[in-house]
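Given the sequences, and given the hints that come with them, work out the whole structure.
The lines below spell out each chain.
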Amino acid sequence: MGFLSYLISGISLGSVYAIIALGYTMVYGIAKMLNFAHGDVIMIGSYVVFCAVSVMGMPPGIGILIAVVVCTVLGVVIERIAYKPLRGTSPLAVLITAIGVSYFLQNAALLIFGAGAKSFTSVVNIPALKLAGGALSISGETMVTIGACIVIVIALSCFVKFTKSGRAMLAVSEDRQAAQLMGINVNGTIALTFAIGSALAAIAGVLLCSAYPNLTPYTGSMPGIKAFTAAVFGGIGSIPGAMIGGILLGVIENLSKAYISTQLSDAIVFAVLIVVLLVKPTGILGKKVSEKV
Amino acid sequence: MRKLSKTTVNNLITYGIVIFAYILVQILLATGSLSSLLEGLLVPLCTYVILAVSLNLTVGVLGELSLGHAGFMCVGAFSSAFFSVSMQEAIASDGLRFFLALLVGAVCAGLFGILIGIPVLRLRGDYLAIVTLAFGEIIKNIINAMYVGRDSSGFHFSMKDTTSLGMAEDGQVILKGPQGITGTPGDSNFTIGVILVLITVFIVLNLVHSRAGRAIMAIRDNRIAAESVGINITKYKMMAFAISAALAGVAGVLYAHNLSSLTATSRNFGYNQSIMILVFVVLGGMGNIRGSIISAVVLTLLPEMIRGVGDYRMLIYSVVLIAMMIFNWSPKIKNWREAHPLLKRRKRGEEA
Numbered sequence: 006m007g008f009l010s011y012l013i014s015g016i017s018l019g020s021v022y023a024i025i026a027l028g029y030t031m032v033y034g035i036a037k038m039l040n041f042a043h044g045d046v047i048m049i050g051s052y053v054v055f056c057a058v059s060v061m062g063m064p065p066g067i068g069i070l071i072a073v074v075v076c077t078v079l080g081v082v083i084e085r086i087a088y089k090p091l092r093g094t095s096p097l098a099v100l101i102t103a104i105g106v107s108y109f110l111q112n113a114a115l116l117i118f119g120a121g122a123k124s125f126t127s128v129v130n131i132p133a134l135k136l137a138g139g140a141l142s143i144s145g146e147t148m149v150t151i152g153a154c155i156v157i158v159i160a161l162s163c164f165v166k167f168t169k170s171g172r173a174m175l176a177v178s179e180d181r182q183a184a185q186l187m188g189i190n191v192n193g194t195i196a197l198t199f200a201i202g203s204a205l206a207a208i209a210g211v212l213l214c215s216a217y218p219n220l221t222p223y224t225g226s227m228p229g230i231k232a233f234t235a236a237v238f239g240g241i242g243s244i245p246g247a248m249i250g251g252i253l254l255g256v257i258e259n260l261s262k263a264y265i266s267t268q269l270s271d272a273i274v275f276a277v278l279i280v281v282l283l284v285k286p287t288g289i290l291g292k293k294v295s296e297k298v
Numbered sequence: 002m003r004k005l006s007k008t009t010v011n012n013l014i015t016y017g018i019v020i021f022a023y024i025l026v027q028i029l030l031a032t033g034s035l036s037s038l039l040e041g042l043l044v045p046l047c048t049y050v051i052l053a054v055s056l057n058l059t060v061g062v063l064g065e066l067s068l069g070h071a072g073f074m075c076v077g078a079f080s081s082a083f084f085s086v087s088m089q090e091a092i093a094s095d096g097l098r099f100f101l102a103l104l105v106g107a108v109c110a111g112l113f114g115i116l117i118g119i120p121v122l123r124l125r126g127d128y129l130a131i132v133t134l135a136f137g138e139i140i141k142n143i144i145n146a147m148y149v150g151r152d153s154s155g156f157h158f159s160m161k162d163t164t165s166l167g168m169a170e171d172g173q174v175i176l177k178g179p180q181g182i183t184g185t186p187g188d189s190n191f192t193i194g195v196i197l198v199l200i201t202v203f204i205v206l207n208l209v210h211s212r213a214g215r216a217i218m219a220i221r222d223n224r225i226a227a228e229s230v231g232i233n234i235t236k237y238k239m240m241a242f243a244i245s246a247a248l249a250g251v252a253g254v255l256y257a258h259n260l261s262s263l264t265a266t267s268r269n270f271g272y273n274q275s276i277m278i279l280v281f282v283v284l285g286g287m288g289n290i291r292g293s294i295i296s297a298v299v300l301t302l303l304p305e306m307i308r309g310v311g312d313y314r315m316l317i318y319s320v321v322l323i324a325m326m327i328f329n330w331s332p333k334i335k336n337w338r339e340a341h342p343l344l345k346r347r348k349r350g351e352e353a
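So the protein lines, in turn, are chains A and B. Per our numbering, the very first residue in the first sequence carries number 6; after that it's consecutive. Per our numbering, the very first residue in the second sequence carries number 2; after that it's consecutive.
Please keep in mind that the hints were generated in silico from the structure rather than gathered at the bench. Think of the CB as a built atom: it goes at the ideal place given N, C-alpha and C, for glycine as much as any other residue.
Partial selection, computed: residues in chain A whose CB lies under 8 Å from chain B:
#1 G93
#2 I101
#3 L116
Here it is, written out as structure tokens:
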């Protein structure tokens with residue numbers, strides 16, 4: 006039973022990584038940039054929920070809604086101010102700007118909320134599910150997290166496949182110039198991608214902090230990096246890949262924490278990533294792009 | 002007098018800047034006009050300059066994005082600190098011990114560079130970046146879980162805790178997992194730091210302007226074309242990567258011998274540090290060694306200079322960083338700058 010419960014909590018952690026990784030992977034697919042500030046948008050989303058629910062006493066549902074709106078606006082504003090002027094230049098320049106944005110968000114949160122850890126009250130109040138005569142207990146947070154991840158992945162896949170703006174995203178990620186010639190509003194599509202990615206970050210932040218209720222200005226940074234490796238793991242640019250990568254990463258992390266060593270769990274996660282990339286250099290579901298001479 | 006070539010003049014200017022800065026600091030120190038805070042920053046400043054210059058070799062000259070540079074620094078720091086602590090009695094001369102520690106740090110980091118380079122350099126672009134980041138984190142994590150001690154019967158090694166080392170009474174634990182290494186002799190100082198900076202710059206500049214350097218830049222500019230004229234891609238990539246790692250190791254040695262206790266935290270050896278170094282390189286201009294030196298110095302001093310604004314300093318730092326990136330790189334602002342007569346930059350030759 007011990008193994009099963011570690012596995013389930015691993016899937017739950019992995020679902021959070023998957024939701025964050027979706028934001029990374031979509032932005033990467035379309036804007037071809039690593040949005041290092043994504044992890045910090047998660048942190049901002051968590052603080053918004055914390056303020057709304059724990060400080061102002063609003064119901065959790067409204068708190069989450071506010072967080073999603075705030076993060077969406079934040080994502081679009083960041084894109085507009087920091088990334089859009091640099092479109093078409095060296096990807097490294099955009100990367101450094103993203104790092105600058107990440108520092109900015111962290112230090113802004115540090116100024117507003119202080120360095121001390123806020124204890125986040127879980128927004129989920131579903132009782133734990135007891136299975137096998139109480140030997141296996143699945144918490145409400147775990148169920149909600151896994152459920153949310155599945156719903157988001159299905160919804161996002163449908164959005165990309167069946168709606169006009171979703172297909173525009175695919176077209177822009179395939180070939181930006183050709184898409185523009187076909188009359189697609191490239192700037193609008195990129196802004197929409199940032200909006201969706203940031204809204205997902207808000208949800209991920211709430212789920213992350215419900216499971217690990219320690220909220221500091223640096224909360225988002227490590228999960229952000231891990232979710233990024235998850236996106237690479239699953240094949241960057243691919244939506245199902247992000248989910249598979251995220252969940253595998255979460256499971257590996259939790260199982261190595263339980264059975265091998267707590268201190269080395271991060272090392273093991275990264276080692277698995279390296280092995281996967283060496284065997285299959287484009288990730289699990291990544292497309293192989295042939296090289297033009 | 003023999004006319005010096007343009008490259009030589011350019012290189013001499015770079016060395017001149019470093020030496021001038023050194024003399025300036027010495028004068029300031031002698032007149033006592035440096036605050037103790039800035040004085041404490043002098044050796045870290047040299048460390049950052051070495052790191053930035055060496056990373057520039059990978060990012061600017063070789064053209065591969067590496068996010069694990071702090072990992073090599075970590076290897077250099079810990080291997081040399083380990084060497085110094087365990088040899089403290091055996092080698093009495095501080096200078097000789099520090100020199101050997103430098104070699105140990107550089108060689109260990111260089112070996113790690115080769116070891117990591119073999120798999121990593123097969124990948125390209127962002128994948129390479131994330132794998133180097135992963136290696137950096139792995140190095141930091143493993144050092145945090147390692148325990149090494151020494152007693153009369155030799156060295157003991159464990160991945161669990163101090164007691165599982167099973168040492169004799171006279172044993173001394175040198176590396177204590179997350180507590181790191183304590184009691185490293187404080188052998189490094191600003192003068193040594195500046196000498197190491199000069200050596201680093203000398204190595205990198207000479208490499209860049211040599212046959213090997215031109216081969217490396219050819220690989221950066223067009224890998225397939227380079228391969229087709231018979232350049233051994235793997236060899237030259239590995240060469241640049243290993244030298245860059247070894248120099249980061251030197252920076253680690255300098256760092257370790259400036260502190261009495263050395264621990265591997267995410268602040269000093271984590272990916273944040275690697276990113277910080279990358280910021281120096283990109284802001285200073287990729288492939289431009291002098292730019293790396295200047296931006297490393299300016300960006301390290303900037304948060305201290307604006308200490309007056311208190312809590313807002315890191316916020317201002319990040320805003321300045323974003324603004325500088327946009328001002329430097331945005332196509333619109335570039336056009337505007339070129340149109341504006343006052344801001345028009347002197348047309349520079351295609352310098353490296």
